[in-house]
Amino acid sequence: MDAALFYFFAAVAVVAAVVVVSQRNPIYSAFALVVTLCSLAAIFGLLGSPFIAAVQVIVYAGAIMVLFLFVLMLLNVRREVDRPGGRDRILAGVGLALVTLLVLQAGTVLLGSRRAPAADFDASTTEMAKILFSPVFLYAFEATAILILAALVGAVVLAKKEL
Amino acid sequence: MTLSPLAQEALVATLTILLVVGTLLGLFSVMTWVERRTLAFMQFRLGPNRAGPFGILQPIADGIKLFFKEEVMPAAADKWAFLAAPVVAVTTALLATAVIPYGPPFTLGRWSVLPEWLRGRTLQIQIADLEVGLLWIFAIAALGVYGVVLAGWAANNKYSLLGGLRSSAQMFSYELALTLSWIGLIMAAGSFRIDDIVAAQAGWFVRWNAIAQFPAFLVYFVAATAEVARIPFDLPEGETEIVAGFHTEYSSMRFALVQMAEYINMITVSVLAANLFLGGWHSGIPWVPETLGGFPLGFVWWGAKVAFVLFVFIWLRGTLPRFRYDQLMHFGWKVLIPVAGVWVMGYSVWIVLGSR
Amino acid sequence: MDHASFVNHAVLLSLILFSIGTLGVFLRRNAITVLMCVELMLNGVNLAFVAFSRQWGTLDGQVLVFFVMVVAAAEASVGLAIIIALHRHKDTLDLDAFDLMKG
Amino acid sequence: MIDDPLLKVLPFAVLLMPLAGFVVLALFGDWIRRDKEETGAGILACVTVLVSFGLAAWTTVRLYGLVAGPSRLRFSQPYLGFEWMEAGGFRVPFSLLVDPLSCVMMLVVTGVGALIHVYSLGYMAHDEERVPYFSYLNLFTFFMLLLVLGGNLPLMFVGWEGVGLCSYLLIGFWYRKQSASAAGLKAFVVNRVGDVGLILGMAFMFHALGTLDLVDIADNAGSLAPEALGELGPATIACLLLFLGATGKSAQIPLHVWLPDAMEGPTPVSALIHAATMVTAGVYMVARLGPLYHVSETAMTTVAVVGAATALMAATIALVQTDIKRVLAYSTVSQLGYMFLACGVGAFGVGIFHLYTHAFFKALLFLGSGSVIHALSGEQDLRRMGGLWRRIPWTFGTFVVGALAIAGIPPLAGFFSKDEILLAAIGRPVLFGLGLFTALLTSFYMARLVFLAFFGSFRGGREAEHHVHESPWVMLFPLVLLAIGSAVAGFVRIPRVVAPVLRLEEHGVHHVAWLPVVATLTAVAGILVAYYLYQAVPGLRARLAPALRPALRLFEAKYHWDDVYDGFVRRVVVGGSEKVLWTRFDAGLIDGAVNGIGALTAALARTLRPVQTGLVRHYALLVLAGAVALLGWVFWS
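Chains as they are written, first to last, in the working numbering: chain A, 1 to 163; chain B, 1 to 356; chain C, 1 to 103; chain D, 1 to 637.
Be a bit skeptical, because a hint or two may be false.
[Claimed, not checked] Here are the computed lysine-lysine pairs in the BS3-like style, where the Cα-Cα straight-line distance is at most 30 Å:
hint, chain 1, residue 1, chain 2, residue 2
1, B, K158, A, K161
2, C, K90, A, K161
3, D, K177, D, K558
4, B, K69, B, K79
5, B, K158, B, K69
6, B, K158, C, K90
7, B, K334, A, K161
8, B, K79, B, K158
9, A, K160, B, K334
10, B, K158, B, K334
11, B, K65, B, K158
12, A, K160, B, K158
13, C, K90, A, K160
14, B, K65, B, K79
Quick caveat, the hints were computed from the structure, so don't treat them as lab data.
None of these values were measured; they are calculated from a predicted model.
Make a model of the complete structure from these sequences and hints.
Below is the structure:
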């Protein structure tokens, strides 16, 4: 059952990801990305991480992508202009080659290190909180708070016409 | 007939889903009528009273009317997005209801009408009992924005677009306050699971979060009102400014779907208010028995609370004027969120001090 | 039944998503789409983290996912703000239009 | 080891109060300065130092209660809990040392310091730059306290350099005046020469004893073999180098030249830094390291000889100075020489004793002279004063107390300490003679100063005479207190108090009955001579002058020290810099290297510039290529 769901969501994620990249209309890309993100959230859930799954939807789908959509609507972007040119084609070719190389390399490594899932695995929110607020990650966690604040202020400063 | 345990589970789950969704859809129709009648009484009018006794069949009449109306789609609209938006809205609205418990757990009697394996079984009307229940609701509420945004954008109409932008801005502004108001409850119960939060409110009614965490309740109620875009926060559809907001271009059954999503959201927040803040299915007085002749009284208390909250929403609509948009944003960001934040901080200090 | 036997395939999926995102980063000219592709790459990484976390039975990977999300949120907000500023400046989102080293 | 919880904290409080004052004034100075009339900055500075004094007194009382018992003690070393430096066996903790010696110093610094802060309220009332002034003063107090409380030499050195910095800042406080900023620079540069000695001395010390901790030094010094006169052992080298530092800070031959010039600073600064506290740091250090100095006969002799020579030389220069503050400055140099003389003959406690009494009466004299200058609206020339005692009676009264104290008239403070120094030197006839003669000169030039300034008729012109006014009470109040101090301070037997710190056995004090009488008579004689020359028979001076012309000319030229230094610096240092260091080394080598690197970079940049297309996607591609390459490298290797 779980495996079937996994392959279903994996397929959805991949298809949606392809749409993200291939669509010329950024709004469609954005919605496709939302679909990818939600499928990934489902996969996270299937991998036994409900907290991360929820946070994935809340943060990515709920906050970040809404921000993207907002900007798209604000700037009223419709379609990417076609501009046939050799430069783009060369770039695409080189990029494709490099990505293929990357996939080959990483794929070999990853397939070489197959590993069965751990037997005891508890990713409940309580366990997450315990590790997140342990001295190992606590300071990093607090630092992210500062980071978010800085990003907030920075975004306001950058995007505002006049302060 | 005997079924394998897995099949039993599946059957119960399917029945629960059908029950919940069916009830919600039914309640939606009833609510449109109740709202119109109540408002009419408040305004010394009669309201719809023609179709059936007291006009109770009015929703059916409305449904038939909408069903037979012509569907209009703007020529410049983005077809797929335009069609998908109401579906997304209703889907997210229904998804959010999945983790909410409707009423107390109850034990079926050994009635002979039931198949053998169901007799004496303890059930609860809840589709999924997730450990991260409240987070789930938060996540789905976050997704709810998409229906609105999509609808606003797809119609290719400036009123729709502005309405969509306004709605989504309003929704995620107030979502923050809404969520912050839950943090105190989560800390008190030590769990995201809604059943646990309800359980934490058992006993005397002073333990209800509406009283024990009054500021949080206030924030929740205000934010929830804004979240479902009810008066006084119904700017997205402020007809004096932007016609009907994001659903300006919708008609016929698609309009009905949009309406349905809004009403389901309202019911959801009311149920959540009853569950999270008003003690759920607990009577608030310890010596009141839990069952009466095998019937769990919790359903009565719980239903009364939900009905009360729904009534308050309608009552507000009959009483308050609409906010201006800048006031709305100002209120959300500079009043509600700070209040909720201070409450969370104060409450956590209280917990730490209390645990010493 | 081992109910997470697909973990290895999750790692592969993460690789696929990452590659698609990477491709998008240079195939697309629209700045916002590029940013979205970056998010896609990050998500591929996140999936890998979760899968490894599941494989090893530790939560460190999940905590890292959490941090990645926070950083992604910060990155998206600042990135979009920059895009708005750029759009105001040149009235286009075409990345190739922004090739000057100074204002 | 005294282990008292309170003593672990109190010294830090003493130390940090003035620092807090400084920080507040430095950070919020502009805000305080905004209101022109208020003296908030000054009051804040005063309060911090007064509180510091109170805490110092508390510390002292506490310590006294604890040490009353056994005589052999290791004293408390409050420790802030962190190492300041640590490298191998070299370890410098941030620790303070509380013992009777540092208590005496601490009380002098905060007590006299507080009075001078209060005095400054009046003296600097009309200065535009009050806020920086008071912040420097607070900073100085902090560093001075660090110097006297520091539990090891490096920490002491921090204070040492800090007071040097504040001294520089305050001498050049009126920086718009060319001479003032020049004097500040001079003080700074001359002190650097001494500091070189101090640092080298510390290094040698560590080499010889393996520790820089003051208590450990005192404990371990006894294990070193005594080094006879002329023998150049480790202790001798360390002591001589450290003494070079002391001569810089305490204005001894040959590095004394900066102190008289330092009188360009505001008078309270002269009183605090250049009379009562900072310049005595050298004496304090030598006394603190007394057990080490004891090991080296050479060092002891050097200290004694330099001290005596400085005392005599400065006293003779003081005879002919016409600037009221310069007289006092040379007097300070002379008295510091006295202290070193005491140290040099082994009576370190007596040196500290004189330091302590000197702080009172010299601060009093400087503040009194400040009051006189204030009364005359800035006039410092003795030749333009006279007859002031009627017009500024309080200043006059307190000034006379101070003058008598420094002259050594019993029972004022100076008598006791000077008597003890002479007593300690009695075994060395030459040094004793020099000391006695200097005492005569001291009483003579102080009497001359008093007669010129306060008696006779006013010589400053009719216009100026009208403006003469007594100073406000905030200035007189410290004068009175210091006068009382100068009168009674001698009754505290400092040598006995600090003896346990110095590891000195209570040697049987053989009183020499005739010495007090002789000393007193010497002082009286000096006063009488001055009376005849400057008051009773003024014409006598003119008749005596031709006979003494060569000597007087030498005195007026200050023994040509400045000329010699000037010549040396101008020829060797400036000339060498211009001809070799500047044209060859700096312009040729360093500039060439810098320009060459710049040109190289520019050329490289020109070749590499096309790589920077400015297109984001190209960069992204490169990043990806890098990632692939890196992964490949990891994978294939």
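We went through each hint and held it up to the structure:
Straight-line distance between C-alpha atoms of K158(B) and K161(A) comes to about 23 Å, which keeps the hinted pair within the 30 Å bound. Under the criterion of a C-alpha separation no larger than 30 Å, the hint pairing K90(C) with K161(A) is consistent with the structure, at around 14 Å. Between the alpha carbons of K177(D) and K558(D) the distance comes to roughly 23 Å, so the proposed pair stays at or under 30 Å and holds. Distance check on the hinted pair: K69(B) and K79(B) sit about 19 Å apart at the alpha-carbon level, within 30 Å; holds.
A hinted pair counts as satisfied when its Cα atoms are at most 30 Å apart, and K158(B) with K69(B) qualifies at roughly 24 Å. Straight-line distance between C-alpha atoms of K158(B) and K90(C) comes to about 24 Å, which keeps the hinted pair within the 30 Å bound. For the proposed pair K334(B) and K161(A), the alpha carbon gap of about 22 Å is at most 30 Å, so the pair holds. Taken as a hint, the K79(B) and K158(B) pair is honoured in the structure, with Cα atoms around 17 Å apart against an allowance of 30 Å.
Proposed proximity of K160(A) and K334(B) is supported: the alpha carbons are some 19 Å apart, at most 30 Å. About 29 Å separates the Cα atoms of K158(B) and K334(B), which keeps this hinted pair within 30 Å; it holds. Distance restraint check for K65(B) and K158(B): the Cα-Cα separation of roughly 28 Å lies within the 30 Å cut-off, and the hinted pair is therefore satisfied. A distance of roughly 23 Å separates the Cα atoms of K160(A) and K158(B); the hinted pair therefore holds under the 30 Å criterion.
For the proposed pair K90(C) and K160(A), the alpha carbon gap of about 16 Å is at most 30 Å, so the pair holds. For the suggested pair K65(B) and K79(B), the alpha carbons sit about 24 Å apart, so the restraint of at most 30 Å is met.
Consistency note: the structure conflicts with none of the earlier hints.
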